[in-house]
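Student: Number 130 marks the last residue of the sequence shown (numbering that gives the first Met the number 0); no jumps.
Fair warning: there could be bad hints in the mix.
Said to hold, decoys possible - When the alpha-carbon atoms are kept at most 27 angstroms apart in a straight line, the in silico DSS-like pairs for lysine-lysine are as follows:
1) Lys83 with Lys36
2) Lys74 with Lys60
3) Lys30 with Lys44
4) Lys36 with Lys74
Simulated from the structure, these hints should not be mistaken for laboratory data. Just so you know, these numbers come straight off a predicted model, no measurement behind them.
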Amino acid sequence: MPRHILVRHSTDPSLGLGREIMSNRENIWPKEVMDAKASGYRVVKIANDAGQEFYFRKPNKAELLLFQDQALKGKGTASGRVEKLLSQLLVYPIDNTLMGYIEEKPLAVGDIFAELIKDMGAEENFTALEI
0 MPRHILVRHS TDPSLGLGRE IMSNRENIWP KEVMDAKASG YRVVKIANDA GQEFYFRKPN
60 KAELLLFQDQ ALKGKGTASG RVEKLLSQLL VYPIDNTLMG YIEEKPLAVG DIFAELIKDM
120 GAEENFTALE I
């Protein structure tokens, strides 16, 4: 079944004047999200209770390994490393909205990060038995 995609310009102030958005019949996504998906990235939308929406691409294995290596070497603060990774993975909005939100609610960083790595082994349960 063919998918119809409509490209139009929005005047919605929350998207920014003239922001190009793409929609199919069910969803409306910013152009940056569609571009990331077209490039083969998995994109996750994370929304807060205030209605703000942030779109991130899922980190790949190399990015997670580099993140772990930096954590083991103790470079910078843990929250600073997570904030840096989140800013690298952010697809939309590309302005300072995310940093403003994190500045206002700094503990949200861990929850956002946990959502992004949820299916990458971060929630695996293991049983240990001393023998």
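Student: For each hint, tell me whether it holds in the structure or not.
Tutor: Hint by hint, here is what the structure shows:
Distance hint between Lys83 and Lys36 is fulfilled; the C-alpha atoms sit about 22 angstroms from each other, no more than 27 angstroms. A threshold of 27 angstroms between alpha carbons decides the hint, and for Lys74 with Lys60 the separation of about 20 angstroms falls inside it, so the pair holds. Of the pairs offered as hints, the one joining Lys30 and Lys44 holds, with about 14 angstroms between alpha carbons and a cut-off of 27 angstroms not exceeded. Distance hint between Lys36 and Lys74 is unfulfilled; the C-alpha atoms sit about 32 angstroms from each other, more than 27 angstroms.
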